[in-house]
Amino acid sequence: MSKQSPSVESLVQRSYRHGFVTDIESETVPPGLSEEVIRLISARKNEPEWLLEWRLEAYRQWQQMRQPDWAQLEIEPIDFQAISYFSAPKSAQDRPRSLDEVDPKLLETYDKLGVPLHERARLAGVAVDAVFDSVSVGTTFKEELRKAGVIFCSMSEAVQDHPELVRAYLGSVVPRSDNFFAALNSAVFTDGSFVYVPRGVRCPMELSTYFRINAAETGQFERTLIVAEEGSHVSYLEGCTAPMRDENQLHAAVVELVALDDAEIKYSTVQNWYPGDEQGVGGIYNFVTKRGDCREAGARISWTQVETGSAITWKYPSCVLRGDDSVGEFYSVALTNNRQQADTGTKMIHLGKNTRSTIISKGISAGRGQNAYRGLVKIGKNAHNARNFTQCDSMLIGKRCGAHTFPYIEVNNPSAKVEHEATTSRIGEDQLFYCLQRGICEEDAVSMIVDGFCKQVFRELPMEFAVEAKALLEVSLEGAVG
Amino acid sequence: MLKITDLHARVAGKEILTGLDLEVGAGEVHAIMGPNGSGKSTLANVLAGRDGYEVTAGEIRYQGQDLLELAPEERACEGVFLAFQYPVEIPGVNNTYFLRAALNAQRKHRGEEELDSVGFLRLVREKLQILHIGDELLHRAVNEGFSGGEKKRNEIFQMAVLEPQLAILDETDSGLDIDALKVVAEGVNRLRSPERAIVLITHYQRLLEYVKPDAVHVLAGGRIVASGDAELALHLEQQGYTWLEEGGIAAVGSAGAA
Numbered sequence: 010m011s012k013q014s015p016s017v018e019s020l021v022q023r024s025y026r027h028g029f030v031t032d033i034e035s036e037t038v039p040p041g042l043s044e045e046v047i048r049l050i051s052a053r054k055n056e057p058e059w060l061l062e063w064r065l066e067a068y069r070q071w072q073q074m075r076q077p078d079w080a081q082l083e084i085e086p087i088d089f090q091a092i093s094y095f096s097a098p099k100s101a102q103d104r105p106r107s108l109d110e111v112d113p114k115l116l117e118t119y120d121k122l123g124v125p126l127h128e129r130a131r132l133a134g135v136a137v138d139a140v141f142d143s144v145s146v147g148t149t150f151k152e153e154l155r156k157a158g159v160i161f162c163s164m165s166e167a168v169q170d171h172p173e174l175v176r177a178y179l180g181s182v183v184p185r186s187d188n189f190f191a192a193l194n195s196a197v198f199t200d201g202s203f204v205y206v207p208r209g210v211r212c213p214m215e216l217s218t219y220f221r222i223n224a225a226e227t228g229q230f231e232r233t234l235i236v237a238e239e240g241s242h243v244s245y246l247e248g249c250t251a252p253m254r255d256e257n258q259l260h261a262a263v264v265e266l267v268a269l270d271d272a273e274i275k276y277s278t279v280q281n282w283y284p285g286d287e288q289g290v291g292g293i294y295n296f297v298t299k300r301g302d303c304r305e306a307g308a309r310i311s312w313t314q315v316e317t318g319s320a321i322t323w324k325y326p327s328c329v330l331r332g333d334d335s336v337g338e339f340y341s342v343a344l345t346n347n348r349q350q351a352d353t354g355t356k357m358i359h360l361g362k363n364t365r366s367t368i369i370s371k372g373i374s375a376g377r378g379q380n381a382y383r384g385l386v387k388i389g390k391n392a393h394n395a396r397n398f399t400q401c402d403s404m405l406i407g408k409r410c411g412a413h414t415f416p417y418i419e420v421n422n423p424s425a426k427v428e429h430e431a432t433t434s435r436i437g438e439d440q441l442f443y444c445l446q447r448g449i450c451e452e453d454a455v456s457m458i459v460d461g462f463c464k465q466v467f468r469e470l471p472m473e474f475a476v477e478a479k480a481l482l483e484v485s486l487e488g489a490v491g
Numbered sequence: 056m057l058k059i060t061d062l063h064a065r066v067a068g069k070e071i072l073t074g075l076d077l078e079v080g081a082g083e084v085h086a087i088m089g090p091n092g093s094g095k096s097t098l099a100n101v102l103a104g105r106d107g108y109e110v111t112a113g114e115i116r117y118q119g120q121d122l123l124e125l126a127p128e129e130r131a132c133e134g135v136f137l138a139f140q141y142p143v144e145i146p147g148v149n150n151t152y153f154l155r156a157a158l159n160a161q162r163k164h165r166g167e168e169e170l171d172s173v174g175f176l177r178l179v180r181e182k183l184q185i186l187h188i189g190d191e192l193l194h195r196a197v198n199e200g201f202s203g204g205e206k207k208r209n210e211i212f213q214m215a216v217l218e219p220q221l222a223i224l225d226e227t228d229s230g231l232d233i234d235a236l237k238v239v240a241e242g243v244n245r246l247r248s249p250e251r252a253i254v255l256i257t258h259y260q261r262l263l264e265y266v267k268p269d270a271v272h273v274l275a276g277g278r279i280v281a282s283g284d285a286e287l288a289l290h291l292e293q294q295g296y297t298w299l300e301e302g303g304i305a306a307v308g309s310a311g312a313a
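So the sequences go chain by chain: G and E.
One gets the numbering used here by counting positions in the first sequence from 1 and adding 9 to each.
One gets the numbering used here by counting positions in the second sequence from 1 and adding 55 to each.
Heads up, some of the hints might be wrong.
[To be verified] Straight line, CA to CA, 27 Å or less: simulated DSSO-like cross-link-like pairs of lysine-lysine: (1) G:K479 <-> E:K163; (2) E:K267 <-> E:K58; (3) G:K356 <-> G:K426; (4) G:K156 <-> G:K356; (5) E:K163 <-> G:K408; (6) G:K362 <-> G:K408.
[Claimed, not checked] Here chain G is said to cover these stretches of chain E; the calculated rule only asks that three of the stretch's residues, wherever they fall, bring their Cβ under 8 Å from a Cβ of chain G: (7) 131-142; (8) 236-243.
Keep in mind that the hints were calculated from the coordinates and are not lab data.
For each residue, glycine too, the CB sits at the ideal point set by N, CA and C.
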């Protein structure tokens, strides 16, 4: 993080003189969704004709679809015509100009997270533009990545600079018509990340979208595509740690991963979108489709997620284990407090021989939070000797929350071995008392017990993320007991 | 150190302690014996301040303070330690980490500097050596997957590190083999000092072969019905608790007092 500080600071000093940004600022797209809006987005981004067609086809399909209602969620009706699909970043004049103007509660949170001061300023959006931000990040790393042959850029840039790659892989894992929100995203996505790791290359650093936090304000429909060629390796981190202050905002992203022969993709998320207040007012609707395709033999895709934010979370990062001997992993911690709701889990689709998958899911419910694990393990008829191990643990804090588990298991090959373990526990009054009796105060005791509960997942995260995830849980659980 | 006067306590609406009196002075080891259901564990839990144990009458003074006014963690920080009859598992939380958090919480409360990991490890190694406990317990999660004996050893180990003023051992000796029993006895004997008090709650007198108590009390029906010296424990062992009800108490009780 500290690496970025000089460029961030120098950017703070700069005025908005880059044409692109100034243009966007003057750009206003009224709320509503139509072919015209999609044409406008596409034109604004100077996209090739095929991509516009691709978007329009997605839009036509979306119009035929209905919003799914099978999840264990209570969702207020969403008026899709009331959303602006291409909103410019807030202008510099609207932003707080110094830390004194930022909500003190927000600063308190950063303090607890241990985010350094210059970071806080940036996260709070103090006169630093996210677009500038992601440019600075890109340029910091670009030289080193170019030497390795790795492409890491925004989706918009990729469409311009590497159209053949985008065209070959976009929608190849999550088709346009996959589901309601994926179709919507395909029609209107505004940006996102693109990663391409060539054959045999081990990406020399962790790639991260941590620095694109403010960019999220510009549009809630990101599209991320990661392609790992034969024998390559990449670890990608996605951090959404800036609490959003907007109200019930829809965030419908799509993430596609493609791992070819013996390639490995590790995708980690620490999600802390604004969860709404104690009464459940405001907060992000996080309806995300994430899927990885182990397309060839020996490929490996691993999802790790720590979900503490959002008013409603609806996401199932999945793996299609197409290649023989491919491996899929899903490690998840999902926490719901106050009025938060989460319906999350994974799908492991075993198609190839000797494919293996592991699912470790930890759900924590506090306050009036509702937490559901929903997971599918499907063994295709040709998936000889497929193996799955699922462990699904729920922890309840207090008496007004809920935990639900919906495991779906579908086995079409008799040689498969599928294991499912599930536990639900109330945060032990016994455990709590044991800690208290040793002199540890209740708040510390709860975070210690919860941290222990999540250990299996945290150790999958890169070091600095693990620390952050732990701190996030502590902040999110504040006042959950007593 | 500890003075309990006319203590009445209820659990789930049922009166378990029915006017218990007990005084334990600094430097003393008291054993409390009694049949199942007599209120031994209730006493331990009331002293530690566990939820669901409701004191309806009486008083507990501890080092001049009203103990019942203090929250459980405050009691712990003031030096009250309970070795649990059933030590609790906390999956994923490292045993050493847990104990250091506890010790530092207590040190902070006393206005002492918190121990860093190096200082803490030194202390831990020293205590392990004294108690003849291997260091494998350090690397595991708190009580997770421990055998019964390991859990009890861990309690004694925690006690040794935390060095409480008042240690209450709730049937720590039950179900232990002779080696584990010796660890428990060693832990208690090491802790003995003129400033400390120890209350051993036990069903059997076996532990008392290794730890010589200053006084033995018999708890029955929620009250102390007899008090004496170590002899009383032996009599109980030989005669069984039914003998209590047959009026043997008076005889031995007075012998102990003599």
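Next item on the list: Assess, step by step, whether the Cα of K156 (chain G) is no farther than 27 Å from the Cα of K356 (chain G), and give holds or violated.
Entry: This hinted pair is violated, its Cα atoms lying about 36 Å apart.
Next item on the list: Check whether three or more residues of the region 236-243 of chain E sit with their beta carbon closer than 8 Å to a beta carbon of chain G.
Entry: That given contact is violated, which follows from only 0 residues of the region 236-243 of chain E lying within Cβ reach (below 8 Å) of chain G.
Checklist line | Pairwise hint evaluation, K408 (chain G) against K163 (chain E), where the allowed Cα distance is 27 Å at most | finding: 32 Å, violated
Check: Is the hinted pair K356 (chain G) and K426 (chain G) satisfied, with a Cα-Cα distance of at most 27 Å?
Finding: 16 Å, holds
Next item on the list: Take the C-alpha atoms of K479 (chain G) and K163 (chain E), compute the straight-line distance between them, and say whether it is at most 27 Å.
Entry: 23 Å, holds
Margin query: Hinted pair, alpha-carbon criterion (27 Å max): K362 (chain G), K408 (chain G). Please report holds or violated.
Written below: 45 Å, violated
Note to self: Closer than 8 Å Cβ to Cβ for three or more residues is the test here. Does the region 131-142 of chain E pass it with chain G?
What the structure shows: Per the Cβ count (6), the hint holds.
Check: Between K267 (chain E) and K58 (chain E), does the CA-CA distance stay at or below 27 Å?
Finding: Given pair K267 (chain E), K58 (chain E) holds - Cα atoms ~21 Å apart, limit 27 Å.
Checked against the numbered hints given earlier, the structure breaks hints 4, 5, 6 and 8 and satisfies all the rest.
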